[in-house]
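Asker: Turn these sequences into a full structure, and let the hints steer you where they fit.
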Amino acid sequence: MVMDTARGALIEVSGLSNRFGDHRVHENLDLSLNKGEILGVVGGSGSGKSVLLRSIIGLHEPNNGRINLEGAPLDHRGAPDPRLTRRTGVLFQRGALYSSLTLCENISLPLREKAGLGKADAEALALTRIRLTGLEAKTARLYPEALSGGMVKRAALARALALDPDLLFLDEPTAGLDPISAAAFDELILTLRDALGLTVFLVTHDLDTLHRVCDRVAVLGQGHVMTIGTLDEVANMDDEWIRAYFHGARGRAAMRQSSTNRESA
Amino acid sequence: MAGTEPGQLQRADDGQTLRATGDWTLTHYSALRRSTRAISSAPTQVVLDGIQHLDTAGATLLAELVGGERLRQIAGNSPELPEARRALLITVANAMADCGTLPPETRWGPLELLARMGKALTDATAKARLLIGFIGAVIACAGRCLISPRRWRFTALLHHMETTGLNAVPIVALLTFAVGAVIAYLGATVLGQFGASVYTIDLVAYSFLREFGVLITAIVMAGRTASAFTAHIGAMNANEELDALRAQGLDPVELEVLPRVLAVVLVLPMLSFIAVLAGLGGGGLIALTVVDIPVSRFITAISEVPLNHFLAGLVKAPFFAFLIAVIGCLEGFKAGGSARSVGVHTTSSVVQSIFVVILLDALAAMYFMEIGW
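Residue numbers (our numbering), protein chains in the order written: chain A, 21 to 285; chain B, 25 to 397.
Think of the hints as simulated: they come from the structure by calculation, not from any bench. Note that the coordinates shown come from a computational prediction; the quantities given were computed from them, not determined experimentally. C-beta: ideal position from N, C-alpha, C; glycine also. There may be inaccurate statements among the hints.
[What the hints assert, rightly or not] Here are some of the chain B residues that sit facing chain A, going by a computed Cβ distance under 10 Å:
#1 Leu-50
#2 Ser-59
#3 Ala-62
#4 Ser-64
#5 Asp-73
#6 Gly-74
#7 Leu-78
#8 Thr-84
#9 Ala-108
#10 Ala-121
#11 Ala-144
#12 Ala-220
#13 Lys-358
#14 Ser-362
Answerer: What follows is the structure, encoded as structure tokens:
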């Protein structure tokens, strides 16, 4: 899908500051997430990627700064703003599936609680999501403890998609998946984005994912967004850490892979 | 999602073609479901270009209506649809085509209840066997550590003695003081009917020296310490810390279980002694103030209790302590990766340790009576 900047920012973060004691994670951080784009967020360990995600979705109260949704500020005091939560799906790093519910119940819970569907309808839709994310129908009655790491990731995506959100927050979605599943996951995100017009905020370390799915990439470091732009723009920035990140052995391999894909396509 | 016009299905004049219009989204799911249910025979052709908004919920209904395979064909042969919409239809159609059905839910009927009861019984015997095996493992590990002083872990031992022992002193003292007062009231009421209320103090002294000092302390420890052990070791297990220890060739029983068991075994007799003092204090206070027994009578009554009653009480303490700590640790080992599992096993460890303490106390009471202590 071609990036359409005219559609403007869906989410705007401005002046965000986060401190834990003396440790400053974010210092006056600005970032905007445009409608319909997949924004990849990268950064070293401890650069505050997850804290940024949690600040936007209202699970962490920032020390300073504001977060706008379609131009109007979000009010995350007390609980995450319903204006955001009703159109948002979140995939947590370790899945965060409800351990006392089966996979099917995990996905039908928001459908029954928020969309007001009956049990049979909710389960029928849950099954679609289970199949959409590439899980087998027979896994539906399993409890999360019986699922493998990759299955947990898929199930968590299925739950994030339950309410047909138009905004997805994915925290390391392909970490812990084998390369084939990770590639399938990338394709799935692309297909869903194109089909549903999703906007995706994607925290990842997976260079292949960055190359395959991201329209823009933001690099976090030193408390703010060091650079943001298309992958090529960002990768050619004159910064030691960024060069090491994108042009290290793994980065080069992913780039070669991505350019051969483009030629063969 | 701003849906204004709920989706509809219209049958064309030829009776074979359906035309879908409006919004096919989650917001209108129930209404859409009713209209797709109303279509009795699967239509041969569905025209989709009248659809305004479409999401996966609507696409699922369309796939249910015509079948995944057919929807894929329709989407493929509809060049008038935007590419993104075709991609959505084909993705959902693919997912639904080889979808299979939901496996039946777990049944909870009377027959299953019987099966669960049977399973609980076999589980209980397996649990008892496991506990006996674990006790053996702990004793063997203690034996191995005893001969090499290098492996005595004083820091861990003292830490656990502080958290399980010293920190428990206020609650144990307060509870036994209150129970002592209650028994004194009971004695004053019942013995007073026979004009024997001076013996109230003997009732308190015998019951605390022999039974209640140890028993109440052990029950508090079962609630306070066994649960803490299970939750802590269970969380370590969930975080793969125990596996990490094993992978480094370390023995989790030696590092985690032994210091805890030893700490409780050392601490419970001391706490029991404090409990006895507090119980006598509570009983004595009531005896002095309510029953008007003189202090001298209070002191002679206690000093006249034969020593073997006190020993019969205190000798049980290390056994209770050992079982409480071992059950707490074992349940922690059994707790699996999930939050639910840690909760289930924490409950189980408290229930089991209180059960074992009371059962053992009853057996000991019978035994000591028979041998004339």
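Asker: Each of the hints needs a verdict: does it hold here or not?
Answerer: Consistency of the hints with the structure:
Contact between Leu-50(B) and chain A, as hinted, is supported at the beta carbon level, the nearest pair being about 5 Å apart and thus within 10 Å. Using the Cβ-Cβ criterion of 10 Å, the hint placing Ser-59(B) at the interface with chain A is not satisfied: the shortest such distance is roughly 14 Å. Because the beta carbon of Ala-62(B) sits about 15 Å from the nearest beta carbon in chain A, more than 10 Å, this interface hint is broken. Hint status for Ser-64(B) relative to chain A: violated, with the closest Cβ pair at about 19 Å, above 10 Å.
Residue-level restraint check for Asp-73(B) is violated (minimum Cβ-Cβ distance to chain A is 16 Å; threshold 10 Å). Here the hint on Gly-74(B) is broken, as its CB sits about 18 Å from the closest CB of chain A, past 10 Å. Satisfaction of the interface hint for Leu-78(B) is found here, the shortest Cβ-Cβ separation to chain A being roughly 8 Å, below the 10 Å cut-off. Annotation: interface hint on Thr-84(B) holds; nearest CB of chain A at approximately 4 Å, less than 10 Å.
Hint status for Ala-108(B) relative to chain A: holds, with the closest Cβ pair at about 5 Å, below 10 Å. A hinted interface residue such as Ala-121(B) counts as satisfied when its beta carbon comes closer than 10 Å to some beta carbon of chain A; here the least separation is about 9 Å, so the hint holds. Residue-level restraint check for Ala-144(B) is violated (minimum Cβ-Cβ distance to chain A is 19 Å; threshold 10 Å). For Ala-220(B), the interface hint is violated, the least distance from its beta-carbon to any beta-carbon of chain A being 57 Å, above 10 Å.
Annotation: interface hint on Lys-358(B) violated; nearest CB of chain A at approximately 13 Å, more than 10 Å. Interface restraint check: Ser-362(B) against chain A, minimum CB-CB distance 4 Å, threshold 10 Å, status holds.
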